[in-house]
Amino acid sequence: MDMEASVGVTSTAATEASSVLDIRNLKVSFRTDEGIVTAVDGVSFQARKGRTLGLVGESGSGKSVSTRAVTKLLPKNAIIDPGSAIRLDTGNGSLTDVAPLPANSREIRNIRGGAVAMIFQEPMASFSPVYTIGNQIAEAVRLHRRAALSPLGATETVGDQIAESLRAQNAKLTKQEAWEIAIEMLHKVGISNANLRVDQYPHELSGGMRQRAMIATALSTHPKLLIADEPTTALDVTIQAQILELMGQLQADLGMSIIFITHDMGVIAQVAHDVAVMYLGVIVERGPTRALIEDPKHPYTEGLLQAIPRMDVLSRRLTPVPGDIPSPLERPAGCPFQTRCPKRIPGRCDRETPQEIGLGGGRFVSCFLHE
Amino acid sequence: MTAQPLIEVQNLKVHFPVRGKGLFGGVSGYVRAVDDVSFVINRGETLGLVGESGSGKTTVGRAILRALDATDGQLTFHRNGAGPLDLRMLKGDSLRKFRRNMQLVFQDPYASLNPRMTVRDIIAEPLECLKWGTRQEIDDRVREVAGKCKLNVEHLRRFPHAFSGGQRQRICIARALVSGPQFVVCDESVSALDVSTQAEILNLLMDLQDEFGFTYLFIAHDLSVVAQVSTRVAVMYVGRFVEWAPTRKIFFNPRHPYTKALLSAVPVVDPSREFNPFKLSGEIPNPADPPSGCRFHTRCPHADGRCKAEMPDWREIDGEHFVACHHAERLG
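Chain order of the listed sequences is F and G. Remember, the working numbering sits 1140 above the position in the first sequence when you count from 1. Remember, the working numbering sits 28 above the position in the second sequence when you count from 1.
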């Protein structure tokens, strides 16, 4: 436990085996006209095979930036600190550090949409409006299923049936084969008349349908890791329930790891096995979902849970987290939450930065109250 | 105190024509965004209006505010001491003058504030349109309202970009309240905010209601938010109301299968409670071509031949609890 408590220590063999992604001490900053803005400040977390990690936090907490660093989909002015490690299973079962790879390198392009797939909040913005759905899925399939045989992904795990079926295919999938995979994937995500839908353009589909098509595209290359960035935020609750169920089923079928980014604690409670709560670019608390929600240790997690309106207690009075999230340009000294924290220790929290402390049971918190 | 009605809506219909192809294409059909909706909002109360996107919630709000013209139906505003007023008869100058009584708070505080105006000018604009008073009087009024909305009066000379989402929404609320309205439509006013700020804005809206007796129409797709602020809740589906009742009854004893489905689809924060949404297959039908009979029959697990053929009546199933379902009694 002590070993894991200090940041940046190499992981034990046990976590190595099941981790698909292991991020250590990730720091991302942006060069802006106002100076260097640190968006992610020393974040460490793991995504494990067959499990869902929920990343929660307010807007501007660095949820999206820390996951986009994995595929290097960051704006040009972003700087990933050289001390950061992003170790990723690119297909051969062992973890490779992708942090030093340039954003336009062949390796990163193979990973993007290949070993790591992404789905975003606004499906309309993630599809090209001028190609049919089928064209766009088939394109991903042809690019990445071939890529699976390139040196980087040459040795697939034996147990992976999908990889086996891939190997059985010729190195170059024909357009016809890719097209058939596209139809099969659309069918798999519950789109009726998949053979007709495949010829439609994104604008012809409804919001829920588009998000299903987005999931189909992401999963068509059988990724090891799916990064879902607020995938259901723009959808109605009934459609959200359908999409969450679908993602759960597909995860059970394909055994992939999911990182689920959201600001909705309700969604996290229902889909995530583990949670990491982010605030101003740091993870303030992480651990198994149930334990974390039932007994939050960090004052921010506590406040966040209390602020949620509930349907079973009609109280008429809500408990907001006091104050506003500070601008990333004016990061408070010491603990980032100290400006809003009701349990602040004066003279301590505003001077020192709390380190992550292991609490046992896979739980970690960065707060002086738990020393 | 007995409940006094403020807004009365009877058989409201808002239909949008769908044009055929080409510049001179004729009208080929109508999107029935709101189709025969009746309800009353009492003075000082909040009506929560929920439904999926495309159900016509926003259209109802805009029709009452006369931001859209209703196709048919009656919209009555019961004035204090001056008798009822037919909102659809208001025109030109009298409509503009009457707008001080009815205001709107939008969803996105980033899109609804002019970046080139100072906060003071944004909040003062409604008063200037109404030729409310001298510059000094307007200034005083802006300061007073800004203070009530918990905005720092020192910041009034700043531009919106300097404010966070929650503060921007407070500016939007101040702008809506500055003319002293009786009726405020909040159209998804907290949906774009983070939970911590959302709670703060909801508390502010409720405090202002307690202090000034505002009447709200609170449009939202988030049921848990509606549960906190509403006196009554109406559930809309493809242009029609399916259920209308006091908040407690909607949340603890829903009668319409659609309301039940909506409630069960909200993920609860309690991980020990199993998330088992009442399965709704398919999506909301196209309001240009609504299904026959009960509009929900295409997705309803209890639908039978009658639901397909006959449109259910809007009936009172229990005190102040209205529902449009043939099988409401049987389903319990």
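Everything labelled a hint here was simulated from the structure, so no lab data went into it. Here the structure is a predicted model, which is why all the values come from computation and not from measurement. Warning: the hint list may mix true and false statements.
Stated by the list, open to error - Listed next, the in silico DSS-like pairs over lysine-lysine satisfying Cα-Cα at most 27 Å (straight line):
#1 G:Lys119 <-> G:Lys178
#2 G:Lys125 <-> G:Lys49
#3 F:Lys1315 <-> F:Lys1328
#4 G:Lys307 <-> F:Lys1328
#5 G:Lys125 <-> F:Lys1483
#6 F:Lys1189 <-> F:Lys1328
Going through the hints against the structure:
Between lysine 119 of chain G and lysine 178 of chain G, the direct Cα distance comes to roughly 35 Å. Violation of the 27 Å bound is thereby established for this hinted pair. A hinted pair counts as satisfied when its Cα atoms are at most 27 Å apart, and lysine 125 of chain G with lysine 49 of chain G does not qualify at roughly 40 Å. Our distance criterion of 27 Å between C-alpha atoms is met by lysine 1315 of chain F and lysine 1328 of chain F, whose separation comes to about 20 Å. Taken as a hint, the lysine 307 of chain G and lysine 1328 of chain F pair is honoured in the structure, with Cα atoms around 18 Å apart against an allowance of 27 Å.
Between lysine 125 of chain G and lysine 1483 of chain F, the direct Cα distance comes to roughly 51 Å. Violation of the 27 Å bound is thereby established for this hinted pair. Simply put, lysine 1189 of chain F and lysine 1328 of chain F have alpha-carbon atoms about 21 Å apart, close enough for the 27 Å limit, and the pair holds.
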